[in-house]
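Whenever a hint applies, use it, and build me the whole structure from the sequences.
Protein chains in written order, with numbering that gives the first Met the number 0: chain A, 0 to 338; chain B, 0 to 338.
If you're looking for bench data, these hints aren't it; they were derived computationally from the structure.
We put the beta carbon where it would ideally sit given N, CA and C, even for glycine.
Please note: incorrect hints may appear among the correct ones.
[Unchecked claim] Taking CB as the label site, the calculated pair distances span:
1) B:Ala97 / A:Ser190: 29 to 37 Å
2) B:Ala77 / A:Ala33: 57 to 65 Å
3) A:Glu188 / B:Thr302: 40 to 48 Å
4) B:Glu45 / A:Arg136: 49 to 57 Å
5) A:Thr138 / B:Asn55: 34 to 42 Å
[As the list claims (entries may be wrong)] With a straight-line Cα cutoff of 20 Å, these simulated DMTMM-like cross-link-like pairs (lysine to aspartate or glutamate) come out:
6) A:Lys78 / B:Glu188
7) A:Lys28 / B:Asp300
8) A:Lys191 / B:Glu71
[Said to hold, decoys possible] If the Cβ cut is set under 7 Å, some of the chain A residues that face chain B in the computed set are:
9) Ala26
10) Leu34
11) Val167
12) Leu172
13) Asn235
14) Val304
Protein chains: 2
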Amino acid sequence: MTKSRIALDVMGGDHAPGALLEGALLATKREERALSPDSILLVGDEVAIQAWFDANGGNPGFPVQHASEVIEMDESPAKALRAKRDSSIGGCVKAIRAGDAGALVCMGNTGACVGASTLGLGTLEGVRRPGIAITLRMTGHPVTMLDMGANIASKPEHLLQYGVMGSVFMRDLFDVKEARVGLLNIGEEPSKGTDLCKDSHALLADSGLNFVGNVEGPDIFRSAADVVVTDGYTGNITLKLMEGLSGFLMKTVVTEIQAHKADWSGDVIGALQRNTDYSEYGGALLLGVNGTVVIGHGRSDGTAVSNALDLAGRALQADVNAHIVEGCAAFASGKESAS
Amino acid sequence: MTKSRIALDVMGGDHAPGALLEGALLATKREERALSPDSILLVGDEVAIQAWFDANGGNPGFPVQHASEVIEMDESPAKALRAKRDSSIGGCVKAIRAGDAGALVCMGNTGACVGASTLGLGTLEGVRRPGIAITLRMTGHPVTMLDMGANIASKPEHLLQYGVMGSVFMRDLFDVKEARVGLLNIGEEPSKGTDLCKDSHALLADSGLNFVGNVEGPDIFRSAADVVVTDGYTGNITLKLMEGLSGFLMKTVVTEIQAHKADWSGDVIGALQRNTDYSEYGGALLLGVNGTVVIGHGRSDGTAVSNALDLAGRALQADVNAHIVEGCAAFASGKESAS
Numbered sequence: 000m001t002k003s004r005i006a007l008d009v010m011g012g013d014h015a016p017g018a019l020l021e022g023a024l025l026a027t028k029r030e031e032r033a034l035s036p037d038s039i040l041l042v043g044d045e046v047a048i049q050a051w052f053d054a055n056g057g058n059p060g061f062p063v064q065h066a067s068e069v070i071e072m073d074e075s076p077a078k079a080l081r082a083k084r085d086s087s088i089g090g091c092v093k094a095i096r097a098g099d100a101g102a103l104v105c106m107g108n109t110g111a112c113v114g115a116s117t118l119g120l121g122t123l124e125g126v127r128r129p130g131i132a133i134t135l136r137m138t139g140h141p142v143t144m145l146d147m148g149a150n151i152a153s154k155p156e157h158l159l160q161y162g163v164m165g166s167v168f169m170r171d172l173f174d175v176k177e178a179r180v181g182l183l184n185i186g187e188e189p190s191k192g193t194d195l196c197k198d199s200h201a202l203l204a205d206s207g208l209n210f211v212g213n214v215e216g217p218d219i220f221r222s223a224a225d226v227v228v229t230d231g232y233t234g235n236i237t238l239k240l241m242e243g244l245s246g247f248l249m250k251t252v253v254t255e256i257q258a259h260k261a262d263w264s265g266d267v268i269g270a271l272q273r274n275t276d277y278s279e280y281g282g283a284l285l286l287g288v289n290g291t292v293v294i295g296h297g298r299s300d301g302t303a304v305s306n307a308l309d310l311a312g313r314a315l316q317a318d319v320n321a322h323i324v325e326g327c328a329a330f331a332s333g334k335e336s337a338s
Numbered sequence: 000m001t002k003s004r005i006a007l008d009v010m011g012g013d014h015a016p017g018a019l020l021e022g023a024l025l026a027t028k029r030e031e032r033a034l035s036p037d038s039i040l041l042v043g044d045e046v047a048i049q050a051w052f053d054a055n056g057g058n059p060g061f062p063v064q065h066a067s068e069v070i071e072m073d074e075s076p077a078k079a080l081r082a083k084r085d086s087s088i089g090g091c092v093k094a095i096r097a098g099d100a101g102a103l104v105c106m107g108n109t110g111a112c113v114g115a116s117t118l119g120l121g122t123l124e125g126v127r128r129p130g131i132a133i134t135l136r137m138t139g140h141p142v143t144m145l146d147m148g149a150n151i152a153s154k155p156e157h158l159l160q161y162g163v164m165g166s167v168f169m170r171d172l173f174d175v176k177e178a179r180v181g182l183l184n185i186g187e188e189p190s191k192g193t194d195l196c197k198d199s200h201a202l203l204a205d206s207g208l209n210f211v212g213n214v215e216g217p218d219i220f221r222s223a224a225d226v227v228v229t230d231g232y233t234g235n236i237t238l239k240l241m242e243g244l245s246g247f248l249m250k251t252v253v254t255e256i257q258a259h260k261a262d263w264s265g266d267v268i269g270a271l272q273r274n275t276d277y278s279e280y281g282g283a284l285l286l287g288v289n290g291t292v293v294i295g296h297g298r299s300d301g302t303a304v305s306n307a308l309d310l311a312g313r314a315l316q317a318d319v320n321a322h323i324v325e326g327c328a329a330f331a332s333g334k335e336s337a338s
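Here's what the structure looks like:
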């Protein structure tokens with residue numbers, strides 16, 4: 000029984016412990032798959048937990064495991080794990096080790112959670128490196144991406160195992176048989192990308208997994224794969240970028256909609272597209288070559304071409320290249336070593 | 000005079016030559032900074048160019064340089080550049096070399112454009128590697144990111160020079176004095192990230208540039224830096240991901256707005272947020288550790304916590320970990336080599 004219990008780190012996260020305890024209550028009241036209070040082990044400061052329940056209708060029967068310390072969001076994970084022996088995230092890991100829980104949920108310091116879990120629980124038999132798996136569900140077709148930041152120094156063997164773990168996960172939780180596994184890369188051909196990409200491509204192609212080859216950004220939102228594997232560095236960069244961009248775009252959308260609310264017309268879409276069209280720039284400059292080179296998107300229309308010509312004209316007129324030569328001479332601290 | 004001319008690859012891009020020629024015409028009619036026809040050199044199939052102008056009011060005076068071949072969007076750049084000696088992109092580069100133009104604009108095969116430019120023009124004095132610079136302008140505050148894919152095997156010295164080139168560009172074209180340069184990374188501390196990140200951080204910190212340290216995705220959309228440098232692999236992944244995500248989100252927004260148009264109410268925002276909220280997933284699974292670990296976002300509210308508990312419960316119930324162990328045993332082709 001206790002193996003199916005979930006230890007909840009009540010002290011981690013920006014809105015702890017309130018949001019965590021509220022979440023535990025909500026989980027017992029879900030229409031689908033409601034959890035019993037007994038199946039959620041609250042780990043954290045028992046006084047704070049009791050105080051919250053006193054003010055919010057009482058504890059309906061959640062077991063509580065006291066932990067006297069909290070690892071804050073901005074602490075260095077390694078240092079904090081060494082210094083704080085009785086942290087709430089550490090308590091969750093201990094609960095699993097002691098057989099009092101089978102799972103843990105943590106909204107706190109991600110690095111501390113990964114570190115405490117990996118060191119305290121070890122990896123599964125045959126698994127070399129844990130990976131953080133995120134399931135994007137925006138398109139209506141779930142796509143699981145990993146690793147999103149557990150393992151910075153990924154090797155091809157790790158990416159192969161991410162493919163295996165992601166496929167199992169998609170089968171078990173989303174009923175996707177033989178998940179299509181893609182490798183996040185900068186082009187379709189097997190020869191594209193870093194050495195890690197090339198070696199991982201070879202390993203995945205030879206693995207017996209349902210490997211669909213390299214995938215690029217837009218493929219993810221076209222549901223071209225069910226599982227997308229990448230190294231933890233690229234995954235983490237990617238994750239935070241999607242977060243930043245979607246947050247920004249949605250804020251822009253809401254502002255624009257509210258501005259149009261009084262006088263609703265088709266214009267809101269035009270305004271939105273002008274404000275968020277990220278190909279508005281018209282073109283990219285290839286900086287550093289001995290000439291002014293503007294590269295645009297293949298699907299550019301006349302306006303984009305006109306913008307690209309404008310950019311080229313401005314770069315020429317401003318004499319950017321002469322200034323780059325001056326700048327590289329002035330900031331030449333990298334000059335000694337071989338390029 | 001001809002040094003300020005811009006060579007336009009009229010044959011490159013999905014909508015060539017029409018969109019390119021239309022763009023050239025638009026550039027001569029801009030309200031601000033209109034270009035004279037004489038300042039745009041059209042490079043491509045002269046028969047196709049003449050035919051387009053015959054059908055669209057005539058050539059107002061653009062000079063034309065014939066090129067008999069086109070490198071298609073999906074061709075391998077290296078092979079195509081070798082095989083097609085009279086390509087339109089090659090013609091643009093030749094025009095710069097011959098002094099007939101100072102800049103070129105290309106909407107065609109990006110790899111071919113980078114290759115032809117780098118080989119044909121060489122780098123500027125002191126510059127080791129060209130970098131593709133994209134200026135994001137969505138937030139109203141321009142941010143230039145580079146390298147977006149010219150140089151996959153970037154070194155710290157290259158990233159330093161991207162910082163220099165990006166700063167010069169921001170000063171010359173956007174009047175940003177002492178541009179704030181950030182390094183795209185997975186955390187704030189100098190010790191974060193790959194070896195390339197750490198070494199680049201040290202070099203940038205010591206460079207005399209206005210280096211603001213590491214930046215993450217959301218920082219870009221909070222305008223925490225004017226220039227963001229990264230290696231060409233990460234930059235290219237990032238660029239295409241932003242493209243895919245913003246395209247997807249805006250399509251969703253437009254669909255939702257159109258669906259609500261007949262009966263306009265505040266609900267459209269709620270619907271949008273539900274459909275695009277990418278933190279809806281509640282949490283990420285740390286796959287591979289000996290226990291079920293769900294990591295959520297620090298800013299999670301009660302609903303996100305409840306979703307994370309649900310995910311943990313489902314992973315336990317489905318016995319994902321046992322299946323991962325089986326899966327890793329079955330797909331063990333990476334097992335021979337050391338981890």
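Hint-by-hint comparison with the structure:
1. Roughly 34 Å separates the CB atoms of Ala97 (chain B) and Ser190 (chain A), a value that falls within the hinted 29 to 37 Å.
2. At about 59 Å, the beta-carbon gap between Ala77 (chain B) and Ala33 (chain A) stays in the expected band of 57 to 65 Å.
3. Taking the beta carbon of each, Glu188 (chain A) and Thr302 (chain B) are about 43 Å apart, inside 40 to 48 Å as hinted.
4. Checked against the hint of 49 to 57 Å, the C-beta distance between Glu45 (chain B) and Arg136 (chain A) comes to roughly 52 Å, which is consistent with it.
5. The hint said 34 to 42 Å for the Cβ distance between Thr138 (chain A) and Asn55 (chain B), and at roughly 39 Å that hint holds.
6. For the proposed pair Lys78 (chain A) and Glu188 (chain B), the alpha carbon gap of about 13 Å is at most 20 Å, so the pair holds.
7. This hinted pair checks out: Lys28 (chain A) and Asp300 (chain B) have alpha carbons roughly 16 Å apart, not beyond 20 Å.
8. Our distance criterion of 20 Å between C-alpha atoms is met by Lys191 (chain A) and Glu71 (chain B), whose separation comes to about 18 Å.
9. Taken as an interface hint, Ala26 (chain A) checks out: its beta carbon lies about 4 Å from the nearest beta carbon of chain B, inside 7 Å.
10. Because the beta carbon of Leu34 (chain A) sits about 6 Å from the nearest beta carbon in chain B, less than 7 Å, this interface hint is met.
11. Restraint check, Val167 (chain A) versus chain B: the minimum CB separation of about 5 Å is within 7 Å; hint holds.
12. Hint on Leu172 (chain A) holds. Least Cβ distance to chain B is approximately 6 Å, under the 7 Å limit.
13. Proximity of Asn235 (chain A) to chain B holds as hinted, the smallest CB-CB distance being about 4 Å (cut-off 7 Å).
14. The interface hint given for Val304 (chain A) holds, since its Cβ lies 2 Å from the closest Cβ of chain B, which is under the 7 Å cut-off.
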